[in-house]
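*Asks:* Following the hints, complete the assembly by docking chain B onto the known chain A.
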Amino acid sequence: MKIVCSFCRCSMGEKPPYDNLEITSGICTRCFETESQKWLKIDYLHLLQGVENPAAVVSRDIRIYAVNEPFNRLLGIGDNEDPRGLLCGEVLKCMHPLEQANTGMRCGDTSECSSCPIRKSITNVFDTKIDLKNVPAWFKTRTSRCEIIISVYYKGNETVLLVIENIFSHPN
Amino acid sequence: MKKNGKILVVDDQDDFLLFLRIFLTENGYDVLTSNNVKEAVSLFRKMDPDLVISDWYMPFLGGRELLTLIKEIRQEAHIMIMSGFHLEMDDITRLDKNISIWLKSSDFKSLLDKIEKSLSLRETAFGSKQEMKS
Chain A
1 MKIVCSFCRC SMGEKPPYDN LEITSGICTR CFETESQKWL KIDYLHLLQG VENPAAVVSR
61 DIRIYAVNEP FNRLLGIGDN EDPRGLLCGE VLKCMHPLEQ ANTGMRCGDT SECSSCPIRK
121 SITNVFDTKI DLKNVPAWFK TRTSRCEIII SVYYKGNETV LLVIENIFSH PN
Chain B
1 MKKNGKILVV DDQDDFLLFL RIFLTENGYD VLTSNNVKEA VSLFRKMDPD LVISDWYMPF
61 LGGRELLTLI KEIRQEAHIM IMSGFHLEMD DITRLDKNIS IWLKSSDFKS LLDKIEKSLS
121 LRETAFGSKQ EMKS
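Here the protein sequences line up with chains A and B, keeping their order.
Last residue of the first sequence: 172 in the numbering used here, with the numbers rising by one and none dropped.
Last residue of the second sequence: 134 in the numbering used here, with the numbers rising by one and none dropped.
Okay, chain A solo, but in the shape it has when bound:
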């Protein structure tokens, strides 16, 4: 199935099933930014400006709105990948939803999710509207346990800024 941008009609590649001749329409990165400036109240990229550590703008349901370049580098996200719209655990490649994917479970659904220190910190900041600074946290990929220090800043309008302040073991 071919993908084109609804606005500028540029090609955005293909996705399965490749024998489906219909065309699905999304929004390319450039048009996303143009339309965001026209229609969205918050400039999500602006929230990341000046943040040198890996950082992401995250929604209440722990979905990624925007990330900065250090965040992409840390997680090995390539130029052709776009983490926006994905759940945090999907971007971090957290092992828990991955291991239970066949049951339809996603980040937030597994029994381990309620004790996830990243999720707990984000939810806490949404609930209290008080920033959390330098909180020890971790997440597990299939090959490693990543120890990190995070800060979470309340940015209003259903968003927080998640900053990875320090990393003691990198995700493989």
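Everything hinted at is true.
Sample of chain A residues with no beta-carbon within 12 Å of chain B, all distances over it, derived: (1) L74; (2) S114; (3) R145.
Cut-off 30 Å, straight-line C-alpha distance, at most; resulting in silico cross-link-like pairs (DSS-like, lysine-lysine): (4) K38(B) x K15(A); (5) K46(B) x K97(B); (6) K120(A) x K6(B); (7) K109(B) x K41(A); (8) K155(A) x K41(A).
What the hints contain is simulated information worked out from the structure, not anything from laboratory work.
Cβ atoms here follow ideal geometry from the backbone N, Cα and C, with glycine treated the same way.
*Replies:* Relative to the frame of chain A, chain B by itself:
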């Protein structure tokens, strides 16, 4: 922020889904999203949204299938079909006033207007039912 209604948005393209999630949330709606029909039907059953906004062309199961499945669950469900391409759906929209169409490349103010119209139709219908009961 006052919530104006619960909307389920379905689109296989996560980029568009994200844009609508942010846009509609900022405009006071309680937004649920899904990038596939199967999950969307399950969310519809579980969350009982006021309005479903769905893409038409999606891989595997598309907007047509979603429309059929949702109408099987709740015949009076309000559904807005969106597409990046002009759709000839007069036959469907003429028969069911609870189905509307929105072109993805239109301005987003028109989306808000259409949503308001759908939700007010739903409220009117709901009010009439309540009156008949009493």
